[in-house]
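> The opening residue of the sequence shown carries number 6 in the numbering used here; numbering runs sequentially from there.
Hints were generated in silico from the structure; no laboratory data involved.
There could be a bad hint or two in this list.
Stated by the list, open to error - Derived pair list, reagent style SDA-like, types lysine to any residue, alpha-carbon separation capped at 20 Å: (1) 163 to 112; (2) 163 to 97; (3) 163 to 90; (4) 163 to 184; (5) 163 to 141; (6) 163 to 42; (7) 163 to 131.
Claimed, not checked - Quick list of simulated restraints, FRET-style, between CB atoms: (8) 90 to 52: 43 to 53 Å; (9) 243 to 59: 23 to 33 Å; (10) 237 to 300: 25 to 35 Å; (11) 393 to 298: 56 to 66 Å; (12) 221 to 388: 52 to 62 Å; (13) 183 to 243: 23 to 33 Å; (14) 244 to 87: 46 to 56 Å; (15) 87 to 237: 13 to 23 Å; (16) 90 to 243: 48 to 58 Å; (17) 59 to 87: 40 to 50 Å; (18) 165 to 59: 42 to 52 Å; (19) 294 to 368: 28 to 38 Å; (20) 418 to 277: 28 to 38 Å.
Quick reminder that beta carbons are idealized off the backbone N, C-alpha and C, glycines included.
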Amino acid sequence: FRATVTALDAEGDPTPNYGQESTAENVRLDVELLAPSGGAAPAVSAATGFASFAGGVATATDLIWNEVGIMRVRAGIGDADYLGAGDVLGSVSENIGRFIPDHFTTVLNTPSFDTVCTAGGFSYVGEQFGYLTQPEIRATARAAGGTATLNYTGDFFKMTTGTLGAREYSATTGSLDLTGLPGGGDPAVSEDGPGVALIVFDSGSGLAFTRAAPVDLFDAEIELGIDVIDGDTVAAASNPVTFGAGSGIVFSNGAEFRYGRVRFVNAAGSELVNLPVQLFAEHYVDAATGFVRNTDDSCTTGVSISFTGFTEDLSAGETCVLDIGLPGQSGVGCVAPAAPADQFAEPPVAGSFNLILAAPGAGDSGSATLEADVPTWLEFDWDAATPGDEDPSAQATFGIFGGPRQQIYTREIFN
């Protein structure tokens with residue numbers, strides 16, 4: 006800012022001899038902080054400062070005050086002693102300011118995403134994941150010379166979620182589904198001490214990679230950027246401020262993403278013996294390999310079984326899933342708990358849900374349709390004729406059918 010000072014006599018007239026002494030006197034400006042109350046009040050500085058007095062008047066055009074707020078100044082003798090007679094003070098100026106910061110400097114923490122299947126070191130495409138360590142930015146308000154402006158607080162703190170530039174997530178591979186992120190309150194902005202803004206991001210219910218056609222295994226490289234700006238358009242020295250630049254935000258135990266599904270396999274056996282039915286997790290590797298058993302999956306939950314479509318002599322209630330009891334984890338467990346090794350496993354063990362059906366017994370031959378209700382990211386287009394993904398299903402058959410029981414004629418011939 007600039008200021009002009011006039012040396013006056015007792016009658017209020019300019020004194021043209023001021024500043025013409027053998028050792029020329031100059032002028033200083035004492036700061037009186039008006040707001041914020043109790044804030045910092047550094048001295049006024051300048052690169053050049055006041056020019057020599059001429060006709061009792063001197064002007065400075067490059068005065069600097071390295072703080073935020075509103076202040077006033079009072080002129081005084083440059084060395085506080087005029088020709089040995091002591092100091093002389095002028096009247097207080099009108100209000101000067103509001104002063105605002107020149108820029109922000111930023112310090113970022115090291116955030117991390119939570120690998121969904123921590124034990125297996127992977128996450129599924131379409132499955133939501135969130136932060137284990139939330140991204141945080143500490144933005145310090147600074148004067149042009151680089152000093153922190155400690156008065157950037159209270160009413161003079163002008164940064165909010167709404168003043169920040171657009172929050173932007175980007176991924177090197179895959180398309181991100183951001184509908185689970187928080188709305189207008191993210192990131193949250195608060196004061197973190199004099200002159201410092203704390204900006205904290207949240208993942209809400211989670212991000213996810215959009216699931217469509219099967220994709221090869223890939224490692225996620227996700228960046229998060231935002232422009233740090235306040236309500237006075239004071240901005241960070243380098244925008245956008247970016248987390249994970251170049252290599253992506255780290256994951257807690259592996260950034261690998263797999264396109265998965267849960268698969269059923271038809272099964273048949275005697276009505277007198279418990280019937281194992283294969284139900285297991287798979288993931289897609291690439292076009293040449295296709296789907297393989299996902300033996301790393303020991304995490305998937307939310308899987309339940311239902312019976313429909315009973316045929317022949319098999320009726321509802323005549324078979325059930327060996328489980329911890331009724332309804333058990335499967336939802337259709339037998340009343341009596343099975344031996345631990347035979348119980349339905351959810352989450353799976355090495356990708357297998359260990360599904361075993363109880364034998365219905367003599368006279369109860371027939372079949373039933375099994376359907377597994379699985380998370381949406383593990384459904385698949387099993388019925389290619391109908392668009393969209395479905396839960397997996399299979400047929401379990403007890404007994405061997407040799408055709409109709411009625412016979413017109415039969416014989417055996419031996420040669």
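> Decide, hint by hint, whether the structure agrees.
Hints versus structure:
no., hint, in the structure
1, 163 to 112, "holds, 19 Å"
2, 163 to 97, "violated, 28 Å"
3, 163 to 90, "violated, 46 Å"
4, 163 to 184, "violated, 29 Å"
5, 163 to 141, "holds, 18 Å"
6, 163 to 42, "holds, 17 Å"
7, 163 to 131, "violated, 39 Å"
8, 90 to 52: 43 to 53 Å, "violated, 31 Å"
9, 243 to 59: 23 to 33 Å, "violated, 45 Å"
10, 237 to 300: 25 to 35 Å, "violated, 57 Å"
11, 393 to 298: 56 to 66 Å, "violated, 25 Å"
12, 221 to 388: 52 to 62 Å, "violated, 24 Å"
13, 183 to 243: 23 to 33 Å, "holds, 25 Å"
14, 244 to 87: 46 to 56 Å, "holds, 50 Å"
15, 87 to 237: 13 to 23 Å, "violated, 41 Å"
16, 90 to 243: 48 to 58 Å, "holds, 53 Å"
17, 59 to 87: 40 to 50 Å, "violated, 18 Å"
18, 165 to 59: 42 to 52 Å, "holds, 48 Å"
19, 294 to 368: 28 to 38 Å, "violated, 45 Å"
20, 418 to 277: 28 to 38 Å, "holds, 32 Å"
The structure fails hints 2, 3, 4, 7, 8, 9, 10, 11, 12, 15, 17, 19 (numbered hints given earlier, in ascending order).
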